[in-house]
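Protein sequence lines, in the order shown, are assigned to chains A and B. Just so you know, the first sequence maps onto residues 1 to 238 in my numbering. Just so you know, the second sequence maps onto residues 1001 to 1349 in my numbering.
Incorrect hints may have been included.
Stated by the list, open to error - When the alpha-carbon atoms are kept at most 27 Å apart in a straight line, the in silico DSSO-like pairs for lysine-lysine are as follows:
#, chain 1, residue 1, chain 2, residue 2
1, A, K50, B, K1192
2, A, K96, B, K1290
3, A, K121, B, K1192
4, B, K1220, A, K49
Claimed, not checked - A few chain B positions that, by computed beta-carbon distances, are all more than 12 Å from chain A:
#, residue
5, K1065
6, S1072
7, E1082
8, G1152
9, M1189
What the hints assert, rightly or not - A short, non-exhaustive set of chain B residues, derived as facing chain A with CB atoms under 8 Å:
#, residue
10, K1228
11, F1229
12, L1253
13, P1257
14, L1344
Everything labelled a hint here was simulated from the structure, so no lab data went into it. Backbone N, C-alpha and C fix where the C-beta goes; we use that ideal spot for every residue, glycine too.
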Amino acid sequence: MAIHEKALIEDERLQQHDELVVDGVDVSGHWNTMIAPRTVRDYDDDFEKKIQGFVGGENVHRCWQCGSCTNSCTMYAQNVQFNPRYWIYLTRLGMKEELVKDKDIIWQCVSCNKCTNICPKDVKPEGVMKALAHWMEEEGITEKAPSTIFDEEFADQIYKTGRIEDSKVMQNFFKKTGQPLVQDWMKTFVFRMMKHIPVKHLMAMGFNTVHTPRTKSWGKTGEVLKNYVREQKEAAHG
Amino acid sequence: MQDTVLVVGGGPAGLSAAANVTSAGYKAVMVEKEDVLGGAPILSGYAKLVPSGEWASEAIGRMVKRVEDDSSATVHKGAKVEKLDGEAGNFTATLTNGETVQAGSVVLATGFTHFDSINKPEWGFGTYEDVLTTTQVEQMVASGKIACPSDGRVPERVCILLCVGSRDRQIGREWCSKICCTVSANMAMEIKELSPETDVFIYYMDIRTFGLYEDKFYWKSQEEFKTKFVKARIAEVTSSGDGRLLVKGEDTLVKRPIVIPFDMVVHAIGMDPNADNPEISQVFGVGLEKHGFLERAEQYTNTCGTTRKGIYACGAAYGPETIDDSIAQGAAAGGRAVADLHALVQKAG
Ligand SMILES: Cc1cc2nc3c(=O)[nH]c(=O)nc-3n(C[C@H](O)[C@H](O)[C@H](O)COP(=O)(O)OP(=O)(O)OC[C@H]3O[C@@H](n4cnc5c(N)ncnc54)[C@H](O)[C@@H]3O)c2cc1C
Ligand code: SF4
Ligand code: SF4
Ligand code: SF4
């Protein structure tokens, strides 16, 4: 039978041949529409551990699916697709493809921690939301969040020079996130600052912006630091 | 003058009843149909007991030794009661070994029968070698090694199916066997201890780790031993064709069918009424309740009573029961039986 209510079925599960004749009967197009079964054929036993390696995900294995987190959730009240209980379940059994389907909403958690306060098993669902969002960024499933880009710029400068130059961090951050390099608030900020700062200071600041000196005897420290951070990350996330 | 209590059944409940009778200064005669005392935990070779964590052979072994070393207790093994004449205060029991026993009161501690998984053929027991029951895995754990019977490999993944032979109208078993959730949570930990690389899944409808078993077994199993609990009643266990088993069902939380490969499937078998109960009911003249367990008298003022005066009961004979509670009930039933004898002494003046 032809299937008309396709809106209820995920696109990738609809299977249809444009031209098909079976036993001499033309069943082209929607006359041969089939729906791929939604059977779960395996679990990914290592995925839970992976998410536990991200900050906030440590207690995910404690969940017993009572639904208190979802019930209390600020975002669930806005959108019933936002369901921390469900995502925690998928995480536990390693149903990654299902999680990825919700990639555009998981990050919307507002960190109100209502879930954390109500969870009887102390799972800290808010942390799990954060861990999932970070995992998705790391895997390239979602774009990097502006905060992640900022963090990376910040860290990069430290590795290079052992110090940060605020204006440079801001400029590079704006560049990478596609924002105008000069913004109204900055003009006001700089203008007011100039009124109060001694000329000698201003000149030093200007010089540093152009020249960006390294911290004395920084040497290979940046390299070592970078390697250390990478090792720590690998140890945690595999 | 009657100074003897007849105790039928030498499991945890009966052993406790007998010890209580003799410690009050009376005599106990125990009749056990098997050739060894100890009941299910010994006969089926359980591993570590819930909740003490002691090996069954040691813990129940102490109970057996206490009765066997007791000069006031007489034990008839490999025997049953064939006939019971007389009445409260003055019973005469004829045993299948030809002996007769005079007793003032009787304690029935005849326990339960394990559910036979053959009665749920869709779950693969008897068809696939790697489908086992909790009693078989208890024995495996006690022997110190977890391996698939088919080829001896260490399983990567084990699943335990709860409520096998319990809570199932289709097979006329409308009771919860009470201890199998806790036993299964404990077993998952034992498996993990023996084989840390094995992942254990428990498929459940409800988790009933009542009272203090909640955190000590359920939470611990989940949190420290990473047991995964999945809410699904399995429909079918089949073969994958490559030496593994496929477990089919519906994951009720994601509303999706599941077909998951496992190396070993364990049935958490329930506690049936003792298969001897119709016979016991006839020989002792006691009633059975609707499921086939011994009928309990009004409990508030006739504790551990049956439908017949002078005959008491305890433990799993009444319905699914834990070892600790069977032992407590055994002591209580022994106390009731002794009180009857004591009343006779007073009446005789
Ligand atoms: C797999 C499994 C694991 C379990 N593990 C635990 C655990 O860890 N902790 C816990 O608390 N509980 C456990 N239990 C429950 C435990 O087995 C029971 O609580 C306990 O055995 C009940 O003791 P009982 O003496 O009443 O009965 P039984 O242990 O059944 O003893 C009854 C005795 O009576 C004898 N008998 C029966 N009929 C007759 C007759 N007609 N004449 C003479 N003798 C007769 C039997 O041979 C037997 O020796 C487990 C149960 C199962 C199925
Ligand atoms: S409140 Fe806690 S235990 Fe309950 S579903 Fe949410 S995370 Fe799981
Ligand atoms: S912290 Fe996030 S998941 Fe938790 S209640 Fe708030 S919005 Fe929902
Ligand atoms: S104790 Fe658990 S496994 Fe056993 S019958 Fe009850 S609910 Fe089922």
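Status of each hint after checking the structure:
1. K50(A) to K1192(B): 20 Å, holds
2. K96(A) to K1290(B): At roughly 49 Å apart (the allowed maximum being 27 Å), K1290(B) and K96(A) break the hint.
3. K121(A) to K1192(B): OK: K121(A) and K1192(B) at ~22 Å, within 27 Å.
4. K1220(B) to K49(A): Holds - the C-alpha atoms of K49(A) and K1220(B) are around 17 Å apart, at most 27 Å.
5. K1065: 41 Å, holds
6. S1072: 50 Å, holds
7. E1082: 51 Å, holds
8. G1152: 22 Å, holds
9. M1189: 14 Å, holds
10. K1228: Given a least distance of 6 Å, the restraint on K1228(B) holds.
11. F1229: Holds, because the Cβ-Cβ distance from F1229(B) to chain A comes to roughly 7 Å (cut-off 8 Å).
12. L1253: Where the cut-off is 8 Å and the nearest Cβ of chain A is about 6 Å from L1253(B), the hint holds.
13. P1257: For P1257(B), the interface hint holds, since the closest Cβ of chain A sits about 4 Å away, which is under 8 Å.
14. L1344: The hint is violated - L1344(B) has no Cβ within 8 Å of chain A, the shortest such distance being about 55 Å.
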